[in-house]
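S.K.: Chain by chain, the residues:
There are 2 protein chains.
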Amino acid sequence: MKKFLFTFIFSTLFSFAQNTQTLLNWQVGYHSNSNDLPLKYYVSTVPGAVQLDLMVGEKMKQPYWFGNNFEQFIPYEQKWFTYKTSFDKPVLKTGQKFHFVSKGIDYQFIISLNGEKIHEQEGMFTYVDLDLTSKLKDKNELTIKILPVITVAGSRQTIWHYRDNARTSVKPAVSYGWDWHPRLITRGIWDETYLETRNSTQIKEVNTYYNLNPNSKSAFFRYDAELLDGVGKMYELKLSNAAGSDILNLNGTISSDKFSISPKDSLKNLELWWPNTYGKQTLYNLSFTVKDASGTVLDKKTAKVGFRKIEMLMNEGGWIDFTEFPKPRAVAPTQIVVNGKKVFAKGSNWVHPEIFMGLATRESYEKHIKLAKEANFNIFRVWGGGVINKESFFDLCDEYGILVWQEFPLACNEYPNDPKYLDVLKQEATSIIKRVRQHASLGLWCGGNELFNEWSRMTDQHHALRLLDHLTYGIDPQTPFIMTSPLNGMGHGHYVMYEQANGGEVFQWMPKKKFTAYTEFGVPSVANIEVLKAMMPSSELFPPKRGTGWETHHAFGVWGANRWLELPFLTEYFGEIKSLEDLVAYSQLSQCEGYKCIFEESRRQKPFCAMSVNWCYQEPWPCAANNSLINWPSAPKAAYYHVGKACRPVLASARIPKWRWDEGETFSAELFMLNDIHEKVPGAKVTAKIVYDDNKTLKLLDWEFAGCNEYENAAGPTARMVLPKMKNNLFKLVVEVAGKPEYTSEYTCIYRGNDVLNAKPKIKYLNGVVE
Amino acid sequence: MKKFLFTFIFSTLFSFAQNTQTLLNWQVGYHSNSNDLPLKYYVSTVPGAVQLDLMVGEKMKQPYWFGNNFEQFIPYEQKWFTYKTSFDKPVLKTGQKFHFVSKGIDYQFIISLNGEKIHEQEGMFTYVDLDLTSKLKDKNELTIKILPVITVAGSRQTIWHYRDNARTSVKPAVSYGWDWHPRLITRGIWDETYLETRNSTQIKEVNTYYNLNPNSKSAFFRYDAELLDGVGKMYELKLSNAAGSDILNLNGTISSDKFSISPKDSLKNLELWWPNTYGKQTLYNLSFTVKDASGTVLDKKTAKVGFRKIEMLMNEGGWIDFTEFPKPRAVAPTQIVVNGKKVFAKGSNWVHPEIFMGLATRESYEKHIKLAKEANFNIFRVWGGGVINKESFFDLCDEYGILVWQEFPLACNEYPNDPKYLDVLKQEATSIIKRVRQHASLGLWCGGNELFNEWSRMTDQHHALRLLDHLTYGIDPQTPFIMTSPLNGMGHGHYVMYEQANGGEVFQWMPKKKFTAYTEFGVPSVANIEVLKAMMPSSELFPPKRGTGWETHHAFGVWGANRWLELPFLTEYFGEIKSLEDLVAYSQLSQCEGYKCIFEESRRQKPFCAMSVNWCYQEPWPCAANNSLINWPSAPKAAYYHVGKACRPVLASARIPKWRWDEGETFSAELFMLNDIHEKVPGAKVTAKIVYDDNKTLKLLDWEFAGCNEYENAAGPTARMVLPKMKNNLFKLVVEVAGKPEYTSEYTCIYRGNDVLNAKPKIKYLNGVVE
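Protein chains in written order, with my numbering: chain A, 850 to 1620; chain B, 850 to 1620.
No wet-lab data here; the hints were simulated from the structure. Certain hints may be false.
A pair counts as met if it fits within one copy or between any two copies, since identical chains are not told apart.
What the hints assert, rightly or not - Each computed DSBU-like pair below joins lysine-lysine, with the alpha-carbon atoms no more than 35 Å apart:
| id | residue 1 | residue 2 |
| --- | --- | --- |
| 1 | Lys-1113 | Lys-966 |
| 2 | Lys-1053 | Lys-938 |
| 3 | Lys-1581 | Lys-1219 |
| 4 | Lys-1269 | Lys-1087 |
| 5 | Lys-1158 | Lys-1275 |
| 6 | Lys-1581 | Lys-1176 |
| 7 | Lys-1222 | Lys-1158 |
| 8 | Lys-1107 | Lys-1283 |
| 9 | Lys-1176 | Lys-1283 |
| 10 | Lys-1611 | Lys-1176 |
| 11 | Lys-1176 | Lys-1613 |
| 12 | Lys-1176 | Lys-1362 |
| 13 | Lys-1066 | Lys-1150 |
| 14 | Lys-1150 | Lys-942 |
| 15 | Lys-1066 | Lys-1269 |
| 16 | Lys-1053 | Lys-1269 |
Just chain A, with the same shape it has in the complex (with noise of 0.2 Å):
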């Protein structure tokens, strides 16, 4: 068998500069029966998952394209999967040690070196460390099996239900199938996984805490090691600005394998981190190494460190909701407050963006997250029925300003209060908090999605979510944790355009709304039309029918007979609908339109309400129809675009009551400033107008905005005026300001009456129409 080694740098937080790795060339089978050995191996790629590799050594079709090939691994789910790979004893020197090291493996394991049982963990989230020095042969092989997907008796075996299997555990329950994930229950090797020679002096564990006065812009500082043989060592902590000067540097004789170095006086005049929009991302070199008595390095653990203070305080008018006894409690507070300023949360429900988390890299996180940058957004909720992501999505997350709201893998669910479960936990979640903690990024701990609402039936007293509230104030207290979203005063949903037993129109019932946090919320559209050309047959592309592509791909058949696509609605609201290109326009054009209306309506409601995060960013395979704004890999919808433009800092906003009107109605819109940082905003003319038909263009009215203050928000006038009769069904409401084009925001309507004809909205996508 062929072995490569190489050293790698990390892509992760810590790196081990001193230690050398060696990658793995791994096979991988399955079998029927725990003791069995597979009767046929396929070459594995590390990492990933087993079903990748059963895929490509079976030459089974791909998952992603056309029709339900997902469900060909189904049969496999109550296999075993064993990996093994062979390697020969390293040369060592004195006291050095050879260690095993895998950053996930997913789910249950049992590793063995040469036969002999080593290890046996389930959770895919805590790092496998394991010294194989003592047991090591001339030839050495190394096998992981991995247990079959658990199974719940009693669960309902139905996609909608086939999640009550994850109840029991600390795994992604979205693999178990949601309305715009298949079901594909991953497992195997999912993160960086390596041999490693080291020295007998280890750095096991470390943390870096700090207390900042955000005012001050200084901090207390203590950095805490856990080191192996570190008696009578020597270290060096080192903290140095991007311009690599030092701004710690301290030296000493290592007395004891756990301690804590603090310099005697704060740190001064630091340059705060901030998130995305409200100022600069700076990220400090964090360096600690171990040395002997030569000065040569035994090991060493590099970091970034973002300097920034997070809270989560009352909403402004949260105190004062009741008037009349008996009085509940007011709200749950949703206001982040960071480096003592408040900050307006946008952005959206990240997602797996990928069935195989396995597959995910730096590179295709980075993808998505710059994405989010540009769209002026400055949180993640990483929603709790996923993974807790790889160290590359926080270390750019950082570098981005991207806060994360980190939700625990539970979600939807009723956890149970059962000692094997919890112990199970405990584990992952104490093995997460500890990684995650040291990122400047991380704004909010969760227990997970939606847990407290009838379809999960939890509530603050299982001890699921007392134990995460436990873990997190105990190992990080610093960061704020809510045991479930929504809590009171916050909202989840809805997720369509129109449903009249909702109140209608997004646009009618959105500005009635008084929530705290809108922390989901979706408005639907058919993917790009490139992805709609490349998920099923051309025959199948139009008019789209239940039974095809669409319907595997959540089109049809999702919370009733015509989610996501919304097919009747977009007859009602569009007329019969004659080809694919008008499909993509009008579904599209609602969706933009949709997401609009409740990002700018939220910012309105400011500053009672101070979140604004939409269901959901991406998506982890091709959904014929979602709420996503990004389908998958990472090709925008229109609707991502007009979202950026509604989390601008500062715009120029209309609340307009409905999105259709009628011939010889008055259309009407109130006039608004939002600004969101703390800048203020010099007055203008702000000028509202319609355009209809071939650019056609009526004045509704001209506003003297006065101007507006740091995070303040100014209401304008109420424009009305009685429509003008049009030939087209789309017209345009554009409020301008005067002197900045940027502030600039447009909505399209919908007109209806009598010889009207149906336009096709331009609208802007990844490779498509821009207007």
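Fit chain B to the given chain A structure using the hints.
M.R.: Frame of chain A, contents of chain B only:
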């Protein structure tokens, strides 16, 4: 100085039978600076308070009766107080130890022996236990220096806001002044305090842990002990029932000073502990004895163990409150379930029964707890403005079946994220949790009172509350915890019979409310007539005026000019009031009927509602008017008896839409049978009738009640009748159950018409009129 010695039996959970305890004679004096000594010493009664010793020594007035005597203590708030006592060196056998023990010193103090500081503490709930052995001289002087009252810079200095000063202390906020408590900030030794000779082998800390399966009446059992010098000694662990039969008897040799003992098999055939009216309060006797090889007892701990499982689960109907998106979370659960059976929690808010909690004894506690049992109560919410009670309180709650909702000492303040405060809170909460968790009656931990309301301004993110969740889950995970009351779904208030702005009469708004728990609600009345006569000079008694004993004792000027007397309301409902007797009768009638209305209405709202706990049970000194059911020190008001009837496990009940009726109106009443226990109620004929003037009776209707199931109410018909012309302004609705006189309920309503006479209600209160 006289010194007396005796061995006494603890009135507490654990008794140190093999040790010899010595009580001390104490003196106390005050001084202006830390390093001064008192110029004068007074004889001190321990346990007590420095104010009581000062009062006796200086022949000051008692603070309870008449005027503003409590204010005489205010000038001493910034004084230091020093206790002193002396004792001879005891004769100790080899290895014996000599300890100073105090179960409570209020609040910051320094203990010195022979002039040398040996201990310093902030916190009145952590027991002091100091080994003096190595420091003893032939003649010894022990001093305890009590620091001045803590005040907080920037606090508001009025009665309503002087509690601001409590916001950095783990001390009852109520002492700083409340709407029914004078400003009287106690300090000093407030619980049992003694010297103790011990063997070198000592039992330091124990914990009885069990995990009960209520269906099989079996429990996993474990006893954890921490010893001093225990290795090699013998232990005996016994658990016996009331008849003296052992159900567990384990012996062995102690191999480690920290160890656990657990029988191989579960305990079987257990008789369970139940709250009052739900079953018996069975308590087992536990003893843990450590002996030497010759069988001599070296140390021993005894305890009572009641086996029960307590859960707080979602209320029936609690999941389905929200139909429209966006959806917030469901209500917080308040359904207490004991041993798998739902309990409707009925009871009262336990406040300080004494200004000076040092005076509370088992005997004084028992008067109140026995009354609670007799009123069919099963819960006390031990309000966070007060203390954590002494051990005998919990012992008695175990015996009488009263669940304890135990709040930590936080109330109506924003307690800071300050490391010093949090350190004291951690120390105190840890002591409290370890002590109280052993009690069968412990039902619920709660962070404190009304902390999530506008007047306190704490949130889920405050470290004090996260710390308390962290500690309770870590030390006592099996007991539910809530951060504060009210939470969402729970209601506090209102506190008067009538207020226009709050929806009028209690009768009018209460049926429209929908809460899972009414955890505070009050209807005020003046005190019993004997109490009033003792409280102020006869010249002040009638008519009640501001600037008299009425005002200093809370009848005026509380929450506005007229609370708690509510004279405008009484005059509006009863006309000009002509005597003290009439005032007491009308005011107490209003309290009786108002409380009956709320208690019974909350029960009618079962199963969504699961808790009804009025504000408040007793009072710490004589209140001229208050929401209390019991006058200080222990005299029930009329409302106590009416509330007791409203809390009968089974009763006939009527929902009456208003209290005051006009001539010619159609009176109506919806009939119900209420059943809070897990027994069926057989069918019976229920008759509703009106009794007015001189026992004139008019039947409204007969209801052929068909019976109801375990823990289920039954709704009957609505009785209606045009009211007859009456002479008197009071009439009664009587609801009788044939063959079950104990289910009968009566309601007195107000009639308003021309030429109506003001009849004086006959109400029962201690030593008062019995109808």
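S.K.: Could you run down the list of hints and mark each one as holding or not?
M.R.: A quick look at each hint next to the structure:
1. Taking the shortest Cα distances, Lys-1113 and Lys-966 sit within 35 Å of each other only across copies (30 Å), while inside one copy they are farther apart (48 Å).
2. Taking CA atoms no more than 35 Å apart as the test, Lys-1053 paired with Lys-938 passes inside one copy only; the shortest distance there is 24 Å, against 53 Å between copies.
3. In the homo-oligomer, the alpha carbons of Lys-1581 and Lys-1219 lie at most 35 Å apart inside one protomer (30 Å), although the nearest pairing across protomers, at 75 Å, exceeds that limit.
4. Within a single copy, Lys-1269 and Lys-1087 get their C-alpha atoms only as close as 42 Å, which misses the 35 Å cut-off; across copies the closest is 31 Å, which meets it.
5. When the C-alpha separation of Lys-1158 and Lys-1275 is checked against a cutoff of 35 Å, the pair qualifies both within a copy, at 26 Å, and between copies, at 24 Å.
6. For a Cα distance limit of 35 Å, the shortest separation of Lys-1581 from Lys-1176 across copies, 32 Å, qualifies, whereas the shortest one inside one copy, 45 Å, does not.
7. In this assembly of identical chains, the alpha carbons of Lys-1222 and Lys-1158 lie at most 35 Å apart only when taken from the same copy (21 Å versus 51 Å across copies).
8. With identical chains, the CA atoms of Lys-1107 and Lys-1283 are at most 35 Å apart both within one copy (16 Å) and between copies (30 Å).
9. Only between protomers do Lys-1176 and Lys-1283 lie at most 35 Å apart by alpha-carbon distance; the minimum there is 33 Å, versus 39 Å within a single protomer.
10. Proximity of Lys-1611 to Lys-1176 under the C-alpha cut-off of 35 Å is restricted to the inter-copy arrangement: shortest distance 34 Å between copies versus 51 Å within a copy.
11. Taking the shortest Cα distances, Lys-1176 and Lys-1613 sit within 35 Å of each other only across copies (32 Å), while inside one copy they are farther apart (50 Å).
12. Taking CA atoms no more than 35 Å apart as the test, Lys-1176 paired with Lys-1362 passes in both settings, with 21 Å inside one copy and 10 Å between copies.
13. Proximity of Lys-1066 to Lys-1150 under the C-alpha cut-off of 35 Å is restricted to the intra-copy arrangement: shortest distance 26 Å within a copy versus 55 Å between copies.
14. Taking the shortest alpha-carbon separations for Lys-1150 and Lys-942, only the intra-copy value of 22 Å comes in at or below 35 Å, while the best inter-copy value is 58 Å.
15. In this homomeric assembly, Lys-1066 and Lys-1269 come within 35 Å of each other (Cα to Cα) only across copies, at 23 Å, whereas the closest approach inside a single copy is 45 Å.
16. Taking identical chains as interchangeable, the C-alpha atoms of Lys-1053 and Lys-1269 lie at most 35 Å apart whether they share a chain (27 Å) or sit on different chains (31 Å).
Every hint, counting from the list given before, is met by this structure.
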